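Visitor: Sequence:
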Amino acid sequence: MKTHRAIFKLTKRSIRTFSGRYLALFLIFFLSTGFFAGLKITKPAMQRTCDDYLSRQKLYDIRILSSNFLLSSDVRAFSDIEGVATAEGGTGTDAMVEVASMQGAGSEADPESRTSSGAAQRYALRIQSLQNTVNLPSLTAGRMPKTASECLADRRLFSFSDIGKKLTVDTTKSDQAAGFLDTKTFTIVGLCDSPLWLSTSRGSTTIGAGKLDGFLFVPKRAFLSIAFTEIDLTLDPEIPHTGEAYETRVEKVRDRVTSLAENRSLHIYVLTREDHSSLISFKNDISIVSGIADLFPLFFALIAMLVCVTTMTRMVEEERTQIGTLKALGFSTAEISAKYLLYAGSAAFLGWAVGYFAGTLLIPKVFWLALSSVYGFARIEYIFSLPIAGLTGAVSITGILLCTWLSVRSELSIRPAELIRPGVSKSGKRIWLEHVTPLWKRLSFLHKITLRNMLRYKQRLFMMLVGISCCAALVLTGFGVKDSLIGITDLQYKTIQRYQIEASVQPSKTESVTARLSRTAAGSSVCPCSLARVSVKAHKSAMTAVKLYSTDQPKSFLSFWTLKTAGQVCRFPLPGEVLVCTRVAQKLALSAGDSLIIKNTAHQEITATVSGIFDNYIDNALILNADTLKKQTEEWKPDTLLIRAPDAQMTAKDASSETAAASLAQQIAGIPGIRQVSLLSVSKETSDKALSCVYYIVLLLILFSGALELIVIYNLTSINLAERSREIATVEVLGFYPKETDSYVLRENLILSLAASFIGLPLGMLFHRAVMSRILVDNMVFLTRIRPVSYVLAVLITNLFAYMVNLLMRKRIRAIPMAESLKAVE
Numbered sequence: 041m042k043t044h045r046a047i048f049k050l051t052k053r054s055i056r057t058f059s060g061r062y063l064a065l066f067l068i069f070f071l072s073t074g075f076f077a078g079l080k081i082t083k084p085a086m087q088r089t090c091d092d093y094l095s096r097q098k099l100y101d102i103r104i105l106s107s108n109f110l111l112s113s114d115v116r117a118f119s120d121i122e123g124v125a126t127a128e129g130g131t132g133t134d135a136m137v138e139v140a141s142m143q144g145a146g147s148e149a150d151p152e153s154r155t156s157s158g159a160a161q162r163y164a165l166r167i168q169s170l171q172n173t174v175n176l177p178s179l180t181a182g183r184m185p186k187t188a189s190e191c192l193a194d195r196r197l198f199s200f201s202d203i204g205k206k207l208t209v210d211t212t213k214s215d216q217a218a219g220f221l222d223t224k225t226f227t228i229v230g231l232c233d234s235p236l237w238l239s240t241s242r243g244s245t246t247i248g249a250g251k252l253d254g255f256l257f258v259p260k261r262a263f264l265s266i267a268f269t270e271i272d273l274t275l276d277p278e279i280p281h282t283g284e285a286y287e288t289r290v291e292k293v294r295d296r297v298t299s300l301a302e303n304r305s306l307h308i309y310v311l312t313r314e315d316h317s318s319l320i321s322f323k324n325d326i327s328i329v330s331g332i333a334d335l336f337p338l339f340f341a342l343i344a345m346l347v348c349v350t351t352m353t354r355m356v357e358e359e360r361t362q363i364g365t366l367k368a369l370g371f372s373t374a375e376i377s378a379k380y381l382l383y384a385g386s387a388a389f390l391g392w393a394v395g396y397f398a399g400t401l402l403i404p405k406v407f408w409l410a411l412s413s414v415y416g417f418a419r420i421e422y423i424f425s426l427p428i429a430g431l432t433g434a435v436s437i438t439g440i441l442l443c444t445w446l447s448v449r450s451e452l453s454i455r456p457a458e459l460i461r462p463g464v465s466k467s468g469k470r471i472w473l474e475h476v477t478p479l480w481k482r483l484s485f486l487h488k489i490t491l492r493n494m495l496r497y498k499q500r501l502f503m504m505l506v507g508i509s510c511c512a513a514l515v516l517t518g519f520g521v522k523d524s525l526i527g528i529t530d531l532q533y534k535t536i537q538r539y540q541i542e543a544s545v546q547p548s549k550t551e552s553v554t555a556r557l558s559r560t561a562a563g564s565s566v567c568p569c570s571l572a573r574v575s576v577k578a579h580k581s582a583m584t585a586v587k588l589y590s591t592d593q594p595k596s597f598l599s600f601w602t603l604k605t606a607g608q609v610c611r612f613p614l615p616g617e618v619l620v621c622t623r624v625a626q627k628l629a630l631s632a633g634d635s636l637i638i639k640n641t642a643h644q645e646i647t648a649t650v651s652g653i654f655d656n657y658i659d660n661a662l663i664l665n666a667d668t669l670k671k672q673t674e675e676w677k678p679d680t681l682l683i684r685a686p687d688a689q690m691t692a693k694d695a696s697s698e699t700a701a702a703s704l705a706q707q708i709a710g711i712p713g714i715r716q717v718s719l720l721s722v723s724k725e726t727s728d729k730a731l732s733c734v735y736y737i738v739l740l741l742i743l744f745s746g747a748l749e750l751i752v753i754y755n756l757t758s759i760n761l762a763e764r765s766r767e768i769a770t771v772e773v774l775g776f777y778p779k780e781t782d783s784y785v786l787r788e789n790l791i792l793s794l795a796a797s798f799i800g801l802p803l804g805m806l807f808h809r810a811v812m813s814r815i816l817v818d819n820m821v822f823l824t825r826i827r828p829v830s831y832v833l834a835v836l837i838t839n840l841f842a843y844m845v846n847l848l849m850r851k852r853i854r855a856i857p858m859a860e861s862l863k864a865v866e
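So for the sequence shown, the working numbering puts the first residue at 41; every next one is plus one.
Treat the hints as calculated values from the structure; they're not laboratory data. Here the structure is a predicted model, which is why all the values come from computation and not from measurement. There could be a bad hint or two in this list.
[Unchecked claim] DSS-like cross-link-like pairs, simulated, lysine-lysine; straight-line CA separation at most 30 angstroms:
{"hint": "1", "residue 1": "Lys292", "residue 2": "Lys627"}
{"hint": "2", "residue 1": "Lys677", "residue 2": "Lys577"}
{"hint": "3", "residue 1": "Lys98", "residue 2": "Lys405"}
{"hint": "4", "residue 1": "Lys367", "residue 2": "Lys83"}
{"hint": "5", "residue 1": "Lys98", "residue 2": "Lys729"}
{"hint": "6", "residue 1": "Lys724", "residue 2": "Lys405"}
{"hint": "7", "residue 1": "Lys724", "residue 2": "Lys677"}
{"hint": "8", "residue 1": "Lys292", "residue 2": "Lys729"}
{"hint": "9", "residue 1": "Lys587", "residue 2": "Lys405"}
[As the list claims (entries may be wrong)] The following label-pair restraints were derived from C-beta to C-beta distances:
{"hint": "10", "residue 1": "Glu551", "residue 2": "Ala188", "range": "37 to 47 angstroms"}
{"hint": "11", "residue 1": "Asp728", "residue 2": "Gly219", "range": "29 to 39 angstroms"}
{"hint": "12", "residue 1": "Arg611", "residue 2": "Arg304", "range": "29 to 39 angstroms"}
{"hint": "13", "residue 1": "Thr180", "residue 2": "Ile266", "range": "24 to 34 angstroms"}
{"hint": "14", "residue 1": "Ser703", "residue 2": "Gly219", "range": "49 to 59 angstroms"}
{"hint": "15", "residue 1": "Glu474", "residue 2": "Arg45", "range": "50 to 60 angstroms"}
For every residue, glycine included, the Cβ atom is placed at its ideal position computed from N, Cα and C.
Please build the complete structure, drawing on both the sequences and the hints.
Guide: Here you go:
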């Protein structure tokens, strides 16, 4: 028991004596554990936050839309379907709404929708009926409406100061609004979010510039008709709404809904959560975070172990006399080892404990903050994961104890008499550069000393090169991830899809709309086609919500879409063939000559042979010859117009060209027969916002990598100063100026940092490829590229951190006591 107390006291004394190294061990495990656990828990935390929010607000599991009105009898019929828990009808319409004196609004809408201060503001809004059991808005300010003339407003478009203001619906701009709404003036009584719109994108419309600015929720009695535009179904709330079991259950109920609709002669569209655009976008965005979670912390774990070995090896060497004394006094090898195991193990345990909770609490919040500009519908929830906590704790503590034991076992095997005597100093040796006489002769004395000391301590040299090169690799990987993700929207919407507007039309009026369009927007180009969302399957794998473009005008279509792969132009598919985009080909393992089964909303199956694969970065798309549909489904009619603005507008600057496209979309929306107008610039803006979180990822990686490099260099430099304290005191006594002493000791840090940063570049390239191979998103394909400027920035940032350490270490050099150091035995 007494020996145990003695070992415990010696351990506490060592912690005080070597507090800097103890802190370095604590910080290295704090960073590695926090980074790993934080990244691993981010996606589950975000996913749970979203799932819980959708459960609280009761988002539909299945939504039924119809081109005709749906009645209360339809609601009752669908509610009786097996597996359906609730069914409720809802009504919605798009309308231009005027708001007077909006100086205080916190709007995120298009600035062009605003006018001068004090004038009426006009917004394109979705006016939706409040439901009782499904799609419940979440109140963020104010109260719920009580009368037909009160409403809840979109909290991203309106601010708290707008509560109490009146909104007037301009029914002259929307026949649908005029026919639907009984109340035309509403008072804002509250602000809200909605599970129907998780992101800032509110969708497209046939009014205004083709883009919705926000939404309003009003009581059902604000509408004239008792008919509905949609019916929303929910399934058993007790069963989790994720996983294959849920998807299978939804598919079964969906088939029953479709079958019932056919029996009642209803022409409907059946949507599920898999068709919820902002929910799909959210899942894709959090997948980006999870793609880097498994690989990045490996560097931290590697460096942590190397730092531990170096630190403990040096500590044992400095205390060899104490070890010899303890052995001579009768302390066993196990008891002496326990001191060092306790020293290192306690640092690892504290670093793990603080790092785990700090990482799992803060890192998800950082990413949630990054996404809040796009989503932000709820506060992120904290998740404690016992498996992750156990894994990180076991690896941290076991790893450091093993490294510590490897460090002390060789010293403990020496006899006490030898340990009590000072160890032999490491002898200097000629380095290989000395044999290059022309070069060596031209080096100054200080430069020669620097090179000799760099190569004299092989372990420190190895640690510096490995640690700093890994940090440089991490920084380069961060920039590479940004380069690979940012910019794909320009490639998609400017290079591949070479048009600005998609207009949905009534099939029977396609020709008249096209003729009217040629008069309304002279100089614009139009390509009629059919556009549908389909499911596809091949090789026992399947995908849903894939866009199917089909046309009987191949030459025209190829002027609107750039169909290439690896720089080679893909020919338009012949009858019976299909072109598939990159992501569909990857997920279904398709290649030219394979067979693909396409299932449309009418449950008709179309079989086609893959003729080629084309590059596509956002959304999944198939290109089909119209003759294929005519032959296999016996029906095909163009229902979509691809519209390109006049060439003069195309060559204008981005801002002006987008304004021209929005103006053109507004003109097109007023043409009879147009159902919906979609601006590709809106889709680009939404994708850009979603990908903006990449900048936070890069910043986080740079900060963690920099902190790691600081710890590595600081720890190794501290050991270097301790080893060479007598040498440093000697040169100071000989008359070296402070700057010369600093250069004598610290120049090697800068040289090694520069060398290691270049060594880290190829390592970063490999690591970047590994990370990008793990970032798999269902409806996006990313590039694998690193821009030249990123290499330069990685080198500069890595060396900047090394320079910062040198500034800190200058004070340590000044603090070395010359008299005591000259008496020290080296």
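Visitor: Run every hint past the structure and note whether it holds.
Guide: Outcome of the hint check:
1. Lys292 x Lys627: Roughly 24 angstroms between the alpha carbons, so the hint for Lys292 and Lys627 holds.
2. Lys677 x Lys577: Judged against 30 angstroms, a Cα distance of about 24 angstroms means the pair holds.
3. Lys98 x Lys405: 25 angstroms, holds
4. Lys367 x Lys83: Distance of about 52 angstroms is beyond 30 angstroms: violated.
5. Lys98 x Lys729: Within the cut-off at roughly 26 angstroms; holds.
6. Lys724 x Lys405: 26 angstroms, holds
7. Lys724 x Lys677: 28 angstroms, holds
8. Lys292 x Lys729: With a Cα-Cα distance of about 35 angstroms, the restraint between Lys292 and Lys729 is violated, given a limit of 30 angstroms.
9. Lys587 x Lys405: 34 angstroms, violated
10. Glu551 x Ala188: 37 to 47 angstroms: 42 angstroms, holds
11. Asp728 x Gly219: 29 to 39 angstroms: Since the Cβ atoms of Asp728 and Gly219 sit about 37 angstroms apart, the hinted range of 29 to 39 angstroms holds.
12. Arg611 x Arg304: 29 to 39 angstroms: 44 angstroms, violated
13. Thr180 x Ile266: 24 to 34 angstroms: Holds, since Thr180 and Ile266 (Cβ atoms, about 31 angstroms apart) stay within the stated range.
14. Ser703 x Gly219: 49 to 59 angstroms: 27 angstroms, violated
15. Glu474 x Arg45: 50 to 60 angstroms: 53 angstroms, holds
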